[in-house]
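For what it's worth, the working numbering labels the leading residue of the sequence shown as 500, then goes sequentially.
A portion of the hints provided could be inaccurate.
[As the list claims (entries may be wrong)] Below 25 Å or equal to it, Euclidean Cα-Cα: the simulated DMTMM-like pairs (lysine to aspartate or glutamate) are:
hint : residue 1 : residue 2
1    : Lys766    : Glu912
2    : Lys547    : Asp524
3    : Lys1368   : Asp1141
4    : Lys1166   : Glu1195
5    : Lys547    : Glu519
[As the list claims (entries may be wrong)] With beta-carbon atoms standing in for the labels, derived distance ranges:
hint : residue 1 : residue 2 : range
6    : Arg1522   : Gln1226   : 16 to 22 Å
7    : Pro1478   : Asp1390   : 31 to 37 Å
8    : Thr1111   : Ser1064   : 16 to 22 Å
Simulated from the structure, these hints should not be mistaken for lab results.
All values reported here derive from a predicted model rather than from experimental measurement.
Virtual Cβ for every residue (Gly too), placed ideally from N, Cα, C.
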Amino acid sequence: MWWASMDVTRWNRLTTLFREILEKDDAARTTMLGKLSIQDPDMYREIKSLLDADTDESSILDGFAVDAVDLDDLLSIDGSRIGPWRVVRRIGSGGMGNVYLAEREEGGFDQRVALKLIRHGMDSVQILRRFESERRIQARLQHPNIARLLDGGLTDDHRPWFAMEYVEGEPVDRYCTNNRLGVEERLNLFVTIASAVQYAHSSLVVHRDLKPDNIMVSGPADSPEVKLLDFGIASVLDEGDDAVKLTRDGARPMTPAYAAPEQLLGKPVTTAGDVYSLGMVLYELLSGCKPYSTQEISVHDLAKLIEQTPPPRPSSVAVTADAVSADKQMQQPVNRNDELSGTGKDPVGSVPGDNRLNDPLETERIPAGSIAVQNQALSPATRRLRRRLEGDLDVIILKAIHPDPGQRYQTVEQFIADIQRHLSGQPVHARPESKRYRMGKFIRRHKPMVLAGTLLLITLIAGIVAFAWQFNIAAAERDRARVEAETSHQVAGFLQGLFASVDPSVSRGDMLTARELLDRGAVQIGTELAGQPDVQARMLDVLGNVYISLWMFEEALNVYEQALSIRQNRPFVRQEDIAQSYHNLGKAFNRDGRFRQADSLLTLAMDLRVSTFGERHPSVAQSLREMGSLLENRNRYDEAIDGYRTAISIYEQDTGADHKESILALKSNIGFAYHRKGDDDQAERYIRETLDRLRELYPVAHPSVSSALHRLASVLHAQARYEESRQVQFENLDMAASLYGEDHPVTALGYTNYAGLLKTLERYAEAESYQHRAHHIFLNKLGDEHPQVSISYNNLANLKHDQGDLDSAVVYHALALDLARRLYGNQHDEVANSLNNLGAVRLDQLRYAEAESLFRETLSIDLRVLGEKHPFVAMDYQAVAITLMHQGKLDEAEPYLLKAIEITRETQGEDHPRFAIVNGELGRFLLLKGEFVTAELLLAEVLGRHEKEQAQGSWRTAEVRSLYGESLFRQGKIDEAGPHLSKGYEELMQARPNDLRFTALARNRLADYYEATGNTDEAEKLRNQ
């Protein structure tokens, strides 16, 4: 940039000339520029560029362009002393100067301030008067909710400065969102803010730049502390000689998104301008939206837009910040590829162009054609908010932001008064007079008195109708109990008739499958139960639940949608029934891997249940359980665990029903969440406790027992307790096959789990057989877009890699990665899993740069979604280190390798086989560094552990044996080295004959040994292979 090399003298001349030219009329300005172009062409071009920037209204930051460039921006003054203050760092820039965080260096005070210092070169008489005006403005404003002026003076080079109270906190909009303040709380907070502005007006000061970023709030939600900031562009209302006209002294003094139209057009600003800005702030605080878009529009066009286009009512666009992102993960973790020489790891409604402050509920969250609920796209919380804003608050806010200043509140005090009248239930002045409106307000404000009078009036009538009323209540209760009993009786009778279909005397010998039985039931519900909507809907729920247990998700969605439609079309819609349908649909979408739809529907169900029953109802616990699985799928394990625990406490406090099985399921979920976050000790404790209790409840085969066995086997595998895991897996496979059949997805999960164990034991052919069987089941039963299919592709790719078929491995990894990205997006651990495993293949293909890139991307994703203290992250660090070592970048590799060792020790412990594996890589690193003695000691220890912990004939043991032989050979211990080099190579040839990395390197080591011992023929033979 041209100013980067400009000296201070020339800079001062440029700013002085620029300001002089700005103050001239067009004719005088043209004359000055003409002379300048002849006398100093470079200065002319610089001034001209600043003038062009200053008059360019296409930018929303339209104004004095030179203010964007300050020598203080280029030359740091951190650490320098100004008065009694030491500058810490620059924290912002204003229209005339920079703002610094500073600390007191004198007087024994421990105090921090925001110190404002005039810019270099901006020391014309007008600028200094402006700065002094700013100081006077600040000095006259002594209010607890306005940041105070503490000190001021001149620097050694005669630049004015003043120190303001340093305010910690957050902008008011973020404070309200983060503290989940309700409408009344936001209104009371706004009254405090507006009162500070009214005080400034009473001191003849207009702020002119009110916006959330200039309103800082701190403290707890029940006692917030407000501080109004930045009166640096304020205007003094009196027009005496000391008043400074602020027209061109810096960037145009406003933020367009909050500025009144007259301010945008450069007209004189009065207190009505601050009223407008306050109205815009309140609009955002209550609705979560801005009424107008300010992106890519000039201030002139924005002013015309405001004057010509009425803003939407806040109640028509309001949204709540209750949405969560919907990128979700798979149902279980998968071990990362362990071929990496020791790596291995498994409210809607907006204004066009509107910038929303809160995360909106996505309009796609309830897919068109999925359920017939167009008017249900808004969450219940958003609908409640919109109803709350209708009426008084709409009118109050729209009056405050009227484009005509004469139609706004004439003072902030009037604005505050109407808000307070609304809060106290009185008629607001902004609304037109009407007897009905005033009467309604009177009744709400004087409920006790009105009720008393009304009671006196109706006492006689009440006496007459009391008996009839009581009779009707009793009859209604009897009717409700009768309907419930009849519904239960009809449901039981329908099920009895349905299952009688399998009786040979009824079916005449034709045996029905579960699928056929369910499909027949769905048809019968539509015919035999016509005219009984409650029974129909409940029976459809029952069928949907059975479909889900059989992993027939599309069928479940169909019957759940039918149930929802029936409930919505009843004369009297019961919100609890609608919530149950939303929950069921969300559950089906979740199990089918369609996480966006699941998130939307489960959120709607949760909101309805909380609004209907409160936060401690068993139905809320049911929602927390299903939402927890979605949180797990986003790698948000701690939040999921918190939700599960809350659900357990709700169930435990409800004595009206037996929730024993639900509590056990939640404890199992907690255990598996701990497993997925890498804490296998906690995982085992929860899952074993659950399993023991389930065995007591169900002494014979049961789906809940099978699920707990599956999870326990995964935990034991991760703990390297392979034989225990194998025994549990066999028990689970037998139970799953007996419950579901051998070709069911649940049984296929068992095949996948067992294939993973066989892979770890290096029994690759057997593992591939089990994984192929599972893969075909997943494809046939779930389709080719389900998360389990992505996992299966990944597992098959790893097994192809293990067996040396690198080309097939790449194909399978590409399929897995493509599907994972479509299911989860880019920032997800399952995507990282695929990237890592593809990187391992590229490494074995000796494509080091490509492997390094893949491993670094994996590390970045895992750090973001898992945090540093996770076994997968240790494996990521190790993978990067290995790739760097192969490229000879030893200094760069060392910190990655040490980090891998540290995290493995912390997350899995030194007794875990992975700790020996990563130390084997450290031994390789020491060999490459030439530290042969240390390498020998470390590799001897690792070799001893591998011989005990790894499978017989393991390639890992063979690789470390070859490395150990090299450590001996490099020290001249030729006789000791030979047997290890020879045996290591032979074992690798058995395990990985076509390997280009481990086996090839072991071959080279053995050839070097033969050459050193004079056996050149054997050496040449090896090198020619």
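Margin query: Checking each numbered hint in turn, tell me which of them this model violates, lowest number first.
Written below: Of the numbered hints given earlier, the structure breaks just one, which is hint 6.
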